[in-house]
Amino acid sequence: MDDDIPRSVTTGRRVAKALLLFATLITLFAAIWLIASWVTQPITV
Amino acid sequence: MGRLFVFMMGVAVLLSFGPYVLPLLLGAAAMVAFVVGAIEYATATISGFTPLGPIAHLRIDPPEQTEEGPDPAYVSYFAGPILLDYQQVLRRTLVQVWAKVVGSFDPRKVGQTPSLVQRVWLWVRRSMLWKLFTVPTAVAATAGLVAGAGIALGFVGVISVVFAVLLVLFVLGAVLTGGASRLLELAVLFARGITVECPTCHVRATRPVYQCPNESCHATHRRLLPGRSGVLRRTCRCRQTLPTLLAGGKAKLPAFCAECSSPLPIKGLSAPTVHIPVVAGPQAGKSVFMQIAVSRLMLLGDGFEFADPDAMAQFERNLKIGVTDDPKRALKTVVARPRAYNVFVGKDGSLARRLLYLYDPAGEILESADQLAEAQFLRFTKGVVFIVDPFALRQVRSASDRATLGEIRASNTAPREVLERFRDSLRERMSADKTGRINLSVAVVVTKADGLLDLSGVRHPYAGLDHVDRETRSQAVQDWFGEMGQRDIVSSLANNFARVSYFVVSYQDAREVTRHESGGTAVFNDDPAQPLLWLLHRKER
Chain A
5 MDDDIPRSVT
15 TGRRVAKALL
25 LFATLITLFA
35 AIWLIASWVT
45 QPITV
Chain B
57 MGRLFVFMMG
67 VAVLLSFGPY
77 VLPLLLGAAA
87 MVAFVVGAIE
97 YATATISGFT
107 PLGPIAHLRI
117 DPPEQTEEGP
127 DPAYVSYFAG
137 PILLDYQQVL
147 RRTLVQVWAK
157 VVGSFDPRKV
167 GQTPSLVQRV
177 WLWVRRSMLW
187 KLFTVPTAVA
197 ATAGLVAGAG
207 IALGFVGVIS
217 VVFAVLLVLF
227 VLGAVLTGGA
237 SRLLELAVLF
247 ARGITVECPT
257 CHVRATRPVY
267 QCPNESCHAT
277 HRRLLPGRSG
287 VLRRTCRCRQ
297 TLPTLLAGGK
307 AKLPAFCAEC
317 SSPLPIKGLS
327 APTVHIPVVA
337 GPQAGKSVFM
347 QIAVSRLMLL
357 GDGFEFADPD
367 AMAQFERNLK
377 IGVTDDPKRA
387 LKTVVARPRA
397 YNVFVGKDGS
407 LARRLLYLYD
417 PAGEILESAD
427 QLAEAQFLRF
437 TKGVVFIVDP
447 FALRQVRSAS
457 DRATLGEIRA
467 SNTAPREVLE
477 RFRDSLRERM
487 SADKTGRINL
497 SVAVVVTKAD
507 GLLDLSGVRH
517 PYAGLDHVDR
527 ETRSQAVQDW
537 FGEMGQRDIV
547 SSLANNFARV
557 SYFVVSYQDA
567 REVTRHESGG
577 TAVFNDDPAQ
587 PLLWLLHRKE
597 R
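Going line by line, the protein sequences match chains A and B. Counted from 1, the first sequence has number 38 at position 34 by this note's numbering; the numbering is strictly sequential. Counted from 1, the second sequence has number 452 at position 396 by this note's numbering; the numbering is strictly sequential.
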């Protein structure tokens with residue numbers, strides 16, 4: 005089965021997973037940062 | 057009355073605690089749905105991008121090999137297939153999240169495994185608790201679950217946008233790298249003057265056709281460059297990976313001329329080419345000179361390498377029949393378009409390395425002005441070896457008997473006639489400098505020097521000459537030409553060509569330049585490789 009799949013595809017999929025993980029981490033951090041900014045926003049009286 | 061009282065109490069409890077409990081319940085349900093969505097997304101990603109997963113949906117199969125069609129190579133994964141894989145990931149995530157939280161889109165799957173929302177309402181139906189409490193609870197839970205699923209899908213959407221941006225940057229980076237590498241490659245080739253010409257049809261091969269080196273494949277790739285099939289490497293239909301740049305090893309692939317499909321020199325485009333025709337009339341000794349010159353180049357080392365299997369085969373054939381031992385065994389050169397004899401000279405990887413194109417045109421071609429006019433190889437000439445058979449000169453012929461002339465296979469064509477025709481042909485193709493000379497180097501090689509060792513009435517050009525420098529030896533040969541009544545050849549060469557040097561060689565020095573005797577004095581011929589090395593601006597050996 006390994007021989008049926010070009011190496012460029014197997015390598016490409018690994019790279020894609022890494023990119024997706026990186027995108028998820030960026031999104032998570034952005035979400036946390038936004039929530040933290042909102043939570044710590046000074047209250048205007 | 058009692059029932060009304062209980063109902064009113066229930067409403068009171070609901071209104072008292074409801075505003076606190078129901079939002080908490082909604083939040084908790086949303087978190088559960090969000091976690092379910094995250095897990096489904098992670099699962100879909102892992103299965104969608106699993107390296108050995110199915111590829112049928114990617115549509116990357118290479119096209120069939122055709123004359124003018126696209127190359128038989130797989131499309132690069134990042135040129136489109138990655139988006140098809142991700143499309144599957146998103147589709148699976150959406151379907152699974154909705155199926156697990158709300159309910160399946162597929163009517164065939166309704167009722168098989170209840171979704172979270174369905175479980176909540178099942179609980180409401182089966183619960184013994186008062187509907188006044190269970191229904192609001194279920195509504196809150198349902199709202200939370202749907203909101204949670206929506207938030208999870210929204211999160212997936214944002215990740216997808218960030219992923220797309222990263223992908224674009226990655227692909228852009230790869231394209232720029234490939235493009236810049238290709239431009240750099242072209243710049244280096246231009247700066248170093250590296251080109252490759254077809255040894256058969258003599259056209260400049262600007263777009264060589266490369267062949268897959270896989271023995272069971274041999275597919276041809278007409279456009280082996282960074283592109284949709286890969287930036288730095290591409291995958292041939294047989295799964296062999298091929299470099300798209302010379303720096304990646306493309307020069308080592310078998311290459312063919314796009315015009316006539318003849319093989320190009322091995323490792324072409326790795327060194328500048330130097331085209332050197334060996335010019336003389338029939339039987340002057342061109343082929344023997346080429347054999348002994350190449351033999352000496354090989355023995356001298358310095359990165360010598362055959363760039364053409366045919367050249368190597370021809371050399372070995374001549375070696376086998378003993379051409380370097382007896383020049384009479386040399387086969388007559390066929391009167392056809394001459395195919396270049398390709399060899400590398402100079403250390404591999406050094407700037408001094410050159411790919412020699414040695415042309416051994418049949419003497420008959422050089423005798424005919426029409427055939428010379430068609431000689432395409434003259435366009436790229438950087439230097440010329442002009443062979444002079446001393447036994448074609450009148451004075452030398454007079455001093456020789458018939459047997460000697462037959463033994464030595466003397467040429468019957470006067471060198472001056474060949475020179476004039478060749479000069480005229482070159483003037484049609486090349487411009488002259490301010491002095492009216494063609495900007496070309498000519499190595500004049502007097503062959504068959506072994507025949508001059510014991511000839512009475514005619515001395516060897518180097519008789520009485522010790523080891524002296526190139527200039528002195530060259531002058532000695534010019535003086536010898538004068539003595540033989542051929543001063544006009546020397547004058548013609550000096551007046552028509554920018555640089556001329558004279559050499560004397562013999563087949564006897566094919567393996568090693570040795571001492572010879574002539575009239576009681578020691579004589580050392582020139583190394584047969586020296587005319588070529590001089591044309592390549594090598595140092596005196």
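For the record, the hints were derived by calculation from the structure and aren't laboratory data. Check the hints yourself; a few may be wrong.
Unchecked claim - Heads up, incomplete: computed chain A residues facing chain B, CB under 8 Å, no partners named: (1) PRO10; (2) ARG11; (3) ARG17; (4) ARG18; (5) ALA20; (6) LYS21; (7) LEU24; (8) LEU38; (9) ILE39; (10) ALA40; (11) VAL43; (12) THR44; (13) GLN45; (14) PRO46; (15) ILE47; (16) THR48.
What the hints assert, rightly or not - Calculated Cβ distances over 10 Å to all of chain B for the following chain A residues: (17) VAL19; (18) PHE26; (19) THR28; (20) TRP42; (21) VAL49.
To be verified - Some chain A residues flagged as far from chain B (calculated, every beta-carbon gap over 10 Å): (22) THR15; (23) ILE36; (24) TRP37.
This one's a predicted model, so the numbers in the text were calculated from it and none came from an experiment. Ideal Cβ placement from N, Cα and C applies to all residues, glycine included.
Results of checking the hints against the structure:
1. Hint on PRO10 of chain A holds. Least Cβ distance to chain B is approximately 5 Å, under the 8 Å limit.
2. Proximity of ARG11 of chain A to chain B holds as hinted, the smallest CB-CB distance being about 7 Å (cut-off 8 Å).
3. Taking 8 Å as the C-beta cut-off, the interface hint given for ARG17 of chain A holds, the closest approach to chain B being about 5 Å.
4. Taken as an interface hint, ARG18 of chain A checks out: its beta carbon lies about 6 Å from the nearest beta carbon of chain B, inside 8 Å.
5. Against a cut-off of 8 Å between C-beta atoms, the interface hint on ALA20 of chain A holds, since the closest Cβ of chain B lies about 5 Å away.
6. Given hint, LYS21 of chain A at the interface with chain B, holds; its Cβ is 5 Å from that chain's nearest Cβ, closer than 8 Å.
7. Interface hint at LEU24 of chain A: satisfied, since its Cβ lies 5 Å from the closest Cβ of chain B, which is below the 8 Å cut-off.
8. About 11 Å separates the beta-carbon of LEU38 of chain A from the nearest beta-carbon of chain B, more than 8 Å, and the hint is not met.
9. Restraint check, ILE39 of chain A versus chain B: the minimum CB separation of about 13 Å is more than 8 Å; hint violated.
10. This hint is violated: ALA40 of chain A has a C-beta 17 Å from the nearest C-beta of chain B, more than the 8 Å allowed.
11. With 8 Å as the threshold, the beta carbon of VAL43 of chain A stays out of range of chain B, its nearest partner Cβ sitting at about 16 Å, so the hint is violated.
12. Because the smallest distance between the Cβ of THR44 of chain A and any Cβ of chain B comes to about 21 Å, over 8 Å, the interface hint for this residue is violated.
13. Using the Cβ-Cβ criterion of 8 Å, the hint placing GLN45 of chain A at the interface with chain B is not satisfied: the shortest such distance is roughly 21 Å.
14. Taking 8 Å as the C-beta contact cut-off toward chain B, the hint placing PRO46 of chain A at the interface is violated, the least distance being around 25 Å.
15. Contact between ILE47 of chain A and chain B, as hinted, is not supported at the beta carbon level, the nearest pair being about 21 Å apart and thus beyond 8 Å.
16. Interface restraint check for THR48 of chain A: the shortest CB-CB distance to chain B comes to about 25 Å, outside 8 Å, so the restraint is violated.
17. The Cβ of VAL19 of chain A does not lie farther than 10 Å from every Cβ of chain B; its closest approach is about 8 Å, which violates its non-interface assignment.
18. Not every beta carbon of chain B lies more than 10 Å from that of PHE26 of chain A, the smallest distance being close to 6 Å; the non-interface claim is violated.
19. Against the 10 Å criterion, THR28 of chain A falls within the reach of chain B, whose nearest CB is about 5 Å from its own CB.
20. With 10 Å as the threshold on Cβ separation, the claim that TRP42 of chain A sits away from chain B holds: the shortest Cβ distance comes to roughly 15 Å.
21. With a cut of 10 Å on Cβ distances, VAL49 of chain A stays outside the contact zone with chain B, its closest approach being about 25 Å.
22. For THR15 of chain A, the condition that its CB be more than 10 Å from all CB atoms of chain B is violated, with the nearest at approximately 8 Å.
23. Even its closest Cβ contact with chain B, about 12 Å, leaves ILE36 of chain A beyond 10 Å, as expected for a residue assigned away from the interface.
24. With a closest Cβ-Cβ approach of about 13 Å to chain B, TRP37 of chain A is found to remain outside the 10 Å limit, as its non-interface label requires.
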